[in-house]
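Student: Read off the chains here:
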Amino acid sequence: MELPSYFIADLPRDTHLTESLLGEACRALKRNRAAHLATRPTSELVAFLAALGANWLKPDFPFRRMALEQGPGQTGFSAATIARGLDAFFSELTAENINALLVQEVGHVARLDKFVPEPVANTSPRRAALARGPELIVHVAAGNLPAPALAGMVFGLLVRAAQFVKCASGAAFFPRLFAHSIYAADPKLGSCIELAEWPGGNTALEQALFSHADCVTATGSDEAIAAIRQLVPGHARFVGYGHRVSFGYIAAEALNRASASQLAALAAADVAAWDQLGCLSPHVFYVETGGEFGPDAFAEMLAAELDRIEKLEPRGMLPAEAVAQIASRRAFYEVRAANLPDTRLWSSPSSTAWTVVYEADPQFQLSCLHRFVYVKQVRELAEALRGAESVRGKVSTVGIAAPAPRAHQIAAELAAWGVTRICPIGRMQRPPLLWRHDGRPALADLVLWTDWELE
Amino acid sequence: MTAEFNQLVHRVRDFIARAAARMRAAAYAVERDYAEFDEQFNALACELFGLQFVQNKVYRRFCEARGIGRNVISDWRRIPAMPTTAFKDFDVTCLPPAQWTAVFFSSGTTGQRPSRHFHSPASLSLYEASLLPWFVRHVLPESISALANAGSAIAAVTAHAGRWRLFILAPTRADAPCSSLVYMFDTVRREFGSAESEFFGRTTPDGGWRLEVKAVVAALRDAAESGRAVVLLGTAFAFVELLDYMAQTGFTCQLPPGSRVLETGGYKGRTRSVPKSELYGMISSRLGVPNTHIVSEYGMCELGSQAYDAVAGRHGGSGANAMRGPGDGNAVGRVFQFPPWVRVQVVSPETGEEVTEGATGLVRVFDLANAYSVLAVQTEDLAVRRGTGFELLGRARGADLRGCSLLQVP
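Just so you know, the sequences run in chain order A and B. Quick note: the first sequence uses the working numbering, first residue 7, plus one each step. Quick note: the second sequence uses the working numbering, first residue 16, plus one each step.
Keep in mind that the hints are not guaranteed to be accurate.
[Stated by the list, open to error] In the EDC-like style, the derived pairs of lysine to aspartate or glutamate whose C-alpha atoms are separated by at most 20 Å in a straight line are:
no., chain 1, residue 1, chain 2, residue 2
1, B, K72, A, E50
2, A, K36, A, E316
3, A, K194, A, D119
4, B, K291, A, D16
5, A, K194, A, E327
6, A, K194, A, E25
7, A, K317, B, E365
8, A, K317, A, E75
9, B, K72, B, E62
Hints were generated in silico from the structure; no laboratory data involved.
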């Protein structure tokens with residue numbers, strides 16, 4: 007299958023992008039939005055997105071096939087990793103979930119279409135409210151994973167905004183396929199989306215682009231977010247998502263004979279998903295001592311599961327620099343493990359496909375990723391949180407395994423410490439559609455309200 | 016050290032001396048001479064491995080964890096290579112602590128624990144025996160004859176004859192006693208420096224190096240007027256500091272013909288890093304030293320020997336394999352060569368096996384001058400395999416772990 011040349015990102019790589027070209031594209035987007043999107047009922051958009059999500063789950067859907075065939079070469083992920091990642095994302099894109107998202111974010115499924123009375127009775131005055139999306143959202147999409155960019159496009163459609171997706175250099179593959187799948191299913195909706203790719207930091211182009219937007223979203227490193235924020239004009243809303251890290255926490259009670267190997271399999275799935283490159287991917291699993299299995303035994307089980315996954319869902323090909331980083335870090339721990347009793351190392355033979363480092367030291371350690379994970383021993387949650395103090399405020403997700411009463415207590419402590427998402431181990435890289443990204447509302451961050459006091 | 020160990024070191028020194036003598040021959044070519052020394056190198060390396068296995072506890076445990084015993088190696092290529100990062104974590108040495116009289120630290124970035132390489136008088140003597148002939152061959156080829164009579168370099172260089180005015184853009188040995196680079200510069204100064212040679216670096220309270228730029232500029236002025244060739248030695252960082260200052264003040268000079276620059280990589284994360292071609296361009300335009308007289312050194316505190324990528328004043332690298340056609344003298348694409356008592360492999364980080372010619376991998380060094388620590392060292396440097404040498408690409412920085420997490424040495 008050949009993609010038609012429709013978006014800027016479809017043009018040859020050496021196409022010279024100018025400020026006037028971007029301006030023209032933005033004006034066209036706004037015209038198309040006014041004609042084809044601004045008055046669409048939300049229910050139609052929900053049905054459209056749900057149908058699209060269902061199609062992306064079908065093995066013979068041409069865009070999915072293209073993603074699996076060309077994705078490995080374009081993105082460095084193996085086809086199996088891409089398939090699992092796409093399934094995780096699109097299985098969430100159901101009418102039920104989208105309607106639930108609307109209720110969660112704006113209080114009612116029709117709130118974006120018309121004034122809907124506030125649900126609380128007996129307030130005076132009685133009020134109704136309508137939520138309106140921006141005219142044009144510019145998304146600045148970081149390179150690593152497709153899910154944030156695709157979710158941003160879904161949210162943008164739901165709030166009936168025209169959208170310009172600016173992808174990092176070499177990172178347009180998935181957003182481009184997704185945009186083409188929208189265009190193929192409904193060219194009018196597709197005409198409200200534009201997509202381009204250039205290396206970040208082109209201040210002139212970015213400033214020109216942002217001047218047309220009334221909302222700019224961005225994902226990327228904290229430095230990149232800060233730089234982009236500087237370029238966003240005062241009238242536009244800025245929604246930035248900086249870099250986050252995640253870890254797992256396993257209570258001693260969860261490490262029993264009945265559940266330990268299953269838990270290791272779930273933990274390995276969290277590490278393997280998108281080759282560990284997302285903000286939701288675990289760098290470290292903190293494991294409590296005192297269970298039927300010790301933390302080092304869990305590390306060994308995790309290694310066995312990563313080895314099993316590698317056979318089904320191999321890690322992607324890496325550039326020499328990334329492989330060298332893994333090799334060098336492994337070598338460091340190899341010497342340690344040979345000389346110190348409280349360090350152990352498991353790694354894929356004759357490759358850098360996966361690595362597990364067990365350390366008694368609870369200090370949080372950033373992984374070099376690509377399926378390189380630490381298991382660290384702690385006596386209690388407080389010890390893990392002290393160890394993770396260096397990343398406090400930068401933690402997105404903590405995957406936990408603990409029986410119910412303790413899970414409540416652990417969740418409360420994690421929330422007080424500043425964690426924005428807690429989920430079972432095995433679901434770290436599968437956030438629900440309703441997920442509040444970095445603790446912020448999903449749609450509600452994009453809209454403006456009109457309140458109507460009825461009497 | 017055991018008598019057996021001392022005897023082996025003696026044989027290593029003898030090997031270095033014979034190879035150095037061979038180098039003085041007019042028709043020396045690295046590739047051919049490496050081959051000539053292959054058998055001796057292999058015998059010494061395998062024997063040395065056996066003794067280091069016994070003497071170096073950290074290394075022995077590392078080998079044993081890989082299932083490698085003391086007497087199983089008959090090919091130097093199979094000797095397990097100790098990662099350079101292990102020098103940060105452990106005392107990687109064959110020397111008992113009572114014999115430690117010097118220690119070289121790597122220049123890590125702030126918050127990182129540096130590598131430590133312990134030395135005794137005997138190991139420093141071996142270090143000098145390795146560094147001098149290869150340094151002279153590449154930086155001061157006119158003085159090769161001064162290194163006549165293997166092993167007695169000192170006696171051969173008579174006062175003022177064959178001596179060079181050295182501008183060393185680094186602190187003195189007294190000021191920076193733990194720098195292997197400063198030790199090397201000081202040794203070179205002692206052997207080949209004229210009385211006017213000078214160190215222009217100072218250490219700062221945080222352990223960094225600062226350059227007395229005004230003093231350097233004054234000395235450069237003087238040198239330009241004197242008409243006698245000078246040698247500038249320093250880190251890339253120091254040259255950037257000097258050249259930035261010269262750019263700010265608008266000062267340029269034309270150093271006398273035959274003047275040369277020895278630059279050694281590394282910016283230590285402290286200042287802007289400059290691509291090599293740009294650095295060479297600035298050196299040429301601001302100091303009047305052409306690319307053909309700029310030599311880069313590849314060395315580290317974990318190694319007893321160094322590699323160079325050119326012979327000052329000669330096109331191409333140090334051997335026939337490094338002749339690269341019309342681009343000769345360019346900053347990019349140059350090939351580093353170690354001396355014949357060192358072998359280098361470029362290994363795939365994925366599999367650990369040697370890559371094919373022209374492919375990229377990590378530099379692994381087998382250095383007989385590391386007799387007192389560990390001869391096989393796995394670096395974090397990415398390079399392209401080129402014949403018996405390598406073209407350096409950069410550092411992998413894979414083990415740049417936060418310093419606070421690094422354990423104390425047991």
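Student: For the pair we were handed, K194/A and E327/A, check the Cα-Cα distance against 20 Å.
Tutor: 43 Å, violated
Student: Between K36/A and E316/A, does the CA-CA distance stay at or below 20 Å?
Tutor: The given pair, whose Cα atoms are some 46 Å apart, is violated under the 20 Å limit.
Student: Could you grab the alpha-carbon distance between K291/B and D16/A and see if it respects the 20 Å cut-off?
Tutor: Violated, because 36 Å separates the two Cα atoms, which is more than 20 Å.
Student: Straight-line Cα separation of K194/A and E25/A no greater than 20 Å?
Tutor: 25 Å, violated
Student: Need the status of pair K317/A, E75/A: alpha-carbon distance at most 20 Å?
Tutor: Holds - the C-alpha atoms of E75/A and K317/A are around 19 Å apart, at most 20 Å.
Student: With a cut-off of 20 Å on the C-alpha distance, tell me whether K317/A and E365/B pass.
Tutor: 17 Å, holds
Student: Check whether the Cα positions of K72/B and E62/B lie no farther apart than 20 Å.
Tutor: The given pair, whose Cα atoms are some 17 Å apart, holds under the 20 Å limit.
Student: Would the pair K72/B and E50/A pass a check requiring their Cα atoms to be no farther apart than 20 Å?
Tutor: Roughly 72 Å separates the two Cα atoms, so the pair is violated.
Student: Measure nothing beyond the straight line between the CA atoms of K194/A and D119/A; if it is 20 Å or shorter, mark the hint as holding.
Tutor: 19 Å, holds
In terms of the numbered hints stated before, the structure departs from hints 1, 2, 4, 5, 6, listed from lowest to highest.
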